[in-house]
Amino acid sequence: MNMLNHPSKLRGFEKQIKIENVSRRSILKGLGLAGGFVLAAPIMMRPALAYETGAGQMPHGTVVDPRVFVSIASDGIVTILAHRAEMGTGVRTSLPMIVAEEMEADWKRVRVQQAHGDEAKFGNQDTDGSRSTRHYLMPMRQIGASARTMLEQAAAKRWGVPATEVKASNHEVVHGASGRKLGFGELAADAAQQSVPSVEGLKLKDPKDFRYLGKGAIGIVDLHDITTGAARYGADVRLPGMKYAVIARPPVTGGKLVSFDGSEAMKVSGVEKVVEVKGWPWPSKFQPLGGVAVIARNTGAAIKGRDALKIVWEDGPNGKYESGAYRKELEEAARKPGLVVRKEGDVEAALKGADKVIVGEYFLPHLAHVAMEPPVAVADVKGDKAEIWAPVQSAGGTREDVAKTLDIPQENVTVNVTLLGGGFGRKSKCDFALEAALLSKELGAPVKVQWTREDDIHNGFLHTVSVERIEAGLDKSGKVTAWRHRSVAPSIASTFAAGTVHQAPFELGMGLVDMPFEIANVSCENPEAAAHTRIGWFRSVSNIPRAFAVQSMVGEIAHATGRDPKEMLLELIGSPRILKLDSVKDLWNYGEPYDSYPIDTARLRRVVELVAEKGEWGRKMPKGHGLGIAAHRSFVSYIATIIEVAVDDKGKLTVPRVDTAIDCGTYVNPERIQSQIEGAAIMGLSLAKYGEITFKDGKVQQKNFDDCPVIRIDESPAVTNVHIVPPGPDTPPSGVGEPGVPPFAPALINAIFAATGKRIRALPIGKQLET
Amino acid sequence: MDARHIHLNQPSTVPSFSELSRYALTARVLRKALLAHLDETLQAVPYQEGEIIMIKLKINGQEQNWGGDPDLPLLWFIRDEIGLTGTKFGCGQALCGSCTVIVDKQAVRACVTSVSDVRDREVTTIEGLHPTGDHPVQKAWRQLNVPQCGFCQTGQIMQAAALLMGNPKPSHDQIRESLSGNICRCGCYQRIENAVHLASTGV
Chain A
5 MNMLNHPSKL RGFEKQIKIE NVSRRSILKG LGLAGGFVLA APIMMRPALA
55 YETGAGQMPH GTVVDPRVFV SIASDGIVTI LAHRAEMGTG VRTSLPMIVA
105 EEMEADWKRV RVQQAHGDEA KFGNQDTDGS RSTRHYLMPM RQIGASARTM
155 LEQAAAKRWG VPATEVKASN HEVVHGASGR KLGFGELAAD AAQQSVPSVE
205 GLKLKDPKDF RYLGKGAIGI VDLHDITTGA ARYGADVRLP GMKYAVIARP
255 PVTGGKLVSF DGSEAMKVSG VEKVVEVKGW PWPSKFQPLG GVAVIARNTG
305 AAIKGRDALK IVWEDGPNGK YESGAYRKEL EEAARKPGLV VRKEGDVEAA
355 LKGADKVIVG EYFLPHLAHV AMEPPVAVAD VKGDKAEIWA PVQSAGGTRE
405 DVAKTLDIPQ ENVTVNVTLL GGGFGRKSKC DFALEAALLS KELGAPVKVQ
455 WTREDDIHNG FLHTVSVERI EAGLDKSGKV TAWRHRSVAP SIASTFAAGT
505 VHQAPFELGM GLVDMPFEIA NVSCENPEAA AHTRIGWFRS VSNIPRAFAV
555 QSMVGEIAHA TGRDPKEMLL ELIGSPRILK LDSVKDLWNY GEPYDSYPID
605 TARLRRVVEL VAEKGEWGRK MPKGHGLGIA AHRSFVSYIA TIIEVAVDDK
655 GKLTVPRVDT AIDCGTYVNP ERIQSQIEGA AIMGLSLAKY GEITFKDGKV
705 QQKNFDDCPV IRIDESPAVT NVHIVPPGPD TPPSGVGEPG VPPFAPALIN
755 AIFAATGKRI RALPIGKQLE T
Chain B
3 MDARHIHLNQ PSTVPSFSEL SRYALTARVL RKALLAHLDE TLQAVPYQEG
53 EIIMIKLKIN GQEQNWGGDP DLPLLWFIRD EIGLTGTKFG CGQALCGSCT
103 VIVDKQAVRA CVTSVSDVRD REVTTIEGLH PTGDHPVQKA WRQLNVPQCG
153 FCQTGQIMQA AALLMGNPKP SHDQIRESLS GNICRCGCYQ RIENAVHLAS
203 TGV
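Quick mapping for you: the protein sequence lines, in order, are chains A and B. Following this note's numbering, the numbering of the first sequence begins with 5 at its first residue and continues without gaps. Following this note's numbering, the numbering of the second sequence begins with 3 at its first residue and continues without gaps.
Hints are computed from structural coordinates only; laboratory data are not their basis. In this text the structure is predicted, and so the values were computed from the model without any measurement. Don't take every hint at face value.
Just so you have them, the derived chain B footprint on chain A, three or more residues with Cβ under 8 Å [stated by the list, open to error]:
1. 178-187
2. 299-308
3. 371-378
4. 491-499
5. 627-634
Built from N, CA and C at the ideal position, the CB exists for glycine as well.
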């Protein structure tokens with residue numbers, strides 16, 4: 005089965021699933037809202053939005069219902085559910101803040117409670133694709149406005165005045181004419197008796213009256229807990245009688261257990277049991293790899309016990325996977341024609357007739373997420389019921405997969421989402437929760453499965469490895485008339501279906517077929533590549549290699565034609581226009597309708613111009629310093645970055661300054677946008693400087709942060725400035741979590757070229773600058 | 003400086019623990035370095051191989067006893083046996099600093115320090131840094147909205163607190179040097195640096 009033809013197997017790319025009618029009772033049951041009571045009203049599914057988003061296309065769509073998300077206690081404390089996972093983007097604060105804004109709640113009297121996994125109740129919970137704000141800004145505003153309207157109606161009724169005469173303001177409803185006031189807590193019981201207003205008739209607040217949205221003045225809700233150690237992540241869950249487990253897994257993807265001897269492990273103080281863990285053949289989506297688990301009274305004993313295991317593995321078909329040889333395979337494939345996925349004009353003829361052809365072949369290796377919190381999960385399985393505590397990006401998906409794995413009904417599975425100690429796409433795969441569930445069932449006790457850092461690096465779902473080859477044909481005047489881009493990389497779809505050799509539309513749409521330059525003859529091709537390890541989503545996904553290649557090529561063309569790189573970039577982007585990509589079959593626009601989120605080159609030009617102005621493009625550089633620029637649209641946002649580098653005589657690279665401009669449409673929390681972009685600079689620098697996972701004999705060669713380094717504070721940019729484009733009045737919100745990463749590496753590489761004259765085409769930089 | 007050439011048995015040349023973390027040394031070498039450092043501050047109690055006795059230590063002022071494996075990393079004693087979960091597991095090899103605690107005013111990686119290494123000593127974890135969580139470093143962290151996911155932050159805060167104990171007014175370079183053993187994958191470094199500076203100049 006080829007994933008290209010069966011994208012529905014990929015969660016998040018499924019066709020909309022029809023929601024079964026959910027009874028009032030089942031909605032109320034297990035809401036788990038703390039204290040007070042819940043606003044009661046009929047459920048509404050996906051009401052009309054002011055602008056269309058792809059939210060309704062996600063599994064289980066959206067739910068817009070105040071009684072699901074809001075409760076008010078008689079003391080006035082408002083509890084708002086956060087149904088998306090918090091992994092550092094600030095979403096656990098931002099979405100409830102939208103509700104609070106619209107309902108006129110006082111943020112100091114708002115409590116945020118994490119929703120468990122239940123997509124029929126809450127709507128889609130897959131926290132990925134940089135889409136929480138863009139899918140939920142309007143639904144959350146509607147939820148807040150509904151709650152406010154019901155409170156106002158309750159007050160008007162109590163006072164016997166028309167509802168038009170009362171107004172909610174800062175946690176109370178006021179009757180202007182008489183000066184009477186009632187607090188939200190006093191009105192809560194009556195408000196619950198009001199019918200929920202129809203979405204169409206809702207009066208949303210005028211943005212000029214916003215107190216919280218767009219201001220960035222509110223800290224994240226977990227700030228105090230994080231700084232005192234009280235914040236609870238996956239590993240921090242402790243249950244009475246809980247056992248601690250670590251698992252030895254097959255070192256080669258597709259390998260399996262032949263035999264094991266746990267007798268030495270059993271001698272380790274604190275070790276209680278050694279058991280086999282069921283594994284699934286590769287590929288099998290997110291199912292566990294299997295192996296041998298050591299169960300102990302604490303994690304340290306379990307790790308020590310695992311070290312003493314004697315295991316015989318069978319490596320299977322990927323036992324010969326070797327990174328150097330595989331890179332050559334990809335390069336060879338990139339030098340031959342491949343499946344054409346976008347075609348305009350006649351690129352072959354245009355390249356033949358070109359005055360000059362510039363060829364760039366760019367390489368980006370596998371990358372590991374290495375979130376600071378390694379995968380971990382706690383499970384308590386009793387009979388046909390399972391409760392999970394885990395740092396998962398996909399609460400609903402985890403629930404489905406636990407139910408399938410244990411063969412129990414989904415209703416019997418409760419998934420409690422803890423804080424995530426970083427996610428970056430790794431925790432959208434719930435394999436670690438499935439392992440915990442299997443072990444808890446086997447042992448008849450609550451179990452915590454802790455992955456070590458070595459496990460995380462050896463048995464992850466890596467970022468793909470790719471060769472991006474671009475040929476640009478120029479006429480006598482230096483104008484680019486031909487563009488051929490071949491992208492060769494194993495697809496994420498290979499983790500779902502054997503035999504996958506082409507990238508899926510959602511990967512092709514990340515910087516390949518959506519290339520925004522105004523060039524007459526274009527061919528985008530996708531030659532075949534088979535996977536030999538588990539490939540998964542990594543923050544910003546295929547945009548990383550594509551932006552690296554495309555934006556490096558802009559720098560190469562600028563150099564070849566003697567032009568300023570920023571002017572070259574603007575010339576290639578060309579006139580302000582909406583891209584028409586008629587030749588692209590299954591154009592993937594981050595799951596968004598093209599009408600709401602077209603590829604708008606005016607917005608791309610604008611971020612380039614803004615960053616050039618704020619980042620002082622063209623400023624005089626000291627010796628050994630250089631400026632580089634890159635721009636890229638991803639997750640329907642537009643980003644441009646300018647980086648200043650310094651390279652000393654020995655080739656030591658430092659980054660004195662980074663400037664990034666982002667146009668993410670209407671935004672909620674500019675302070676968190678800033679932090680995401682600051683972080684994206686660090687992640688971009690990490691992958692450019694060090695990011696590389698290599699294989700030998702089918703096994704990952706890196707182990708921990710010593711041989712899989714990431715950027716530390718002493719090598720981080722001295723300053724990262726973030727410039728946010730003020731949104732137009734009707735600009736829909738777009739992604740923030742991921743788009744900061746892709747332009748970083750090419751801007752850095754272009755800056756290194758400006759500083760040293762050395763053009764780096766293969767990442768990581770590693771020792772390439774050393775002299 | 004090449005850390006691999008440091009004479010670990012000469013206390014006067016023992017570099018700071020965070021400094022050592024930078025060089026990707028093995029856990030064993032790091033532990034040896036820690037013991038050398040502790041020798042400098044207190045007479046270490048020698049521990050005999052195979053000895054199983056009750057180990058006493060103090061964590062956040064409370065006396066704790068451990069009669070299990072004396073080699074058990076302090077991290078797992080703190081997290082799994084005592085139940086103080088603010089100290090995090092990130093690498094197990096003293097490479098990331100998520101498990102940083104303070105022993106005798108020194109920032110120490112609990113993942114490569116055994117329970118027997120800190121016998122009869124005072125260990126401070128994030129939970130014991132300040133009774134109401136209002137240590138100047140904690141306050142500065144909140145003022146500048148430092149964390150993203152927050153997972154590494156307790157380790158960062160403990161490292162910063164230890165730095166300020168020995169150097170109340172560190173320069174920006176000293177802050178960067180001292181915290182270079184603590185990884186933040188979200189990339190909050192700019193704010194971490196500014197928060198330590200803020201804490202040192204009065205919150």
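Status of the hints after comparison with the structure:
Using a Cβ-Cβ cut-off of 8 Å, 0 residues of the segment 178-187 of chain A lie near chain B, which falls short of the minimum of three, so the contact claim is violated. Counting residues of the segment 299-308 of chain A whose beta-carbon sits less than 8 Å from any beta-carbon of chain B gives 7, enough to reach three: the coverage restraint holds. Beta-carbon proximity to chain B at under 8 Å applies to 5 residues in the segment 371-378 of chain A; the threshold of 3 is reached and the given coverage holds. Beta-carbon proximity to chain B at under 8 Å applies to 0 residues in the segment 491-499 of chain A; the threshold of 3 is not reached and the given coverage is violated.
Coverage of the segment 627-634 of chain A by chain B is violated. Counting CB-CB distances below 8 Å, 0 residues qualify, and the rule asks for three or more.
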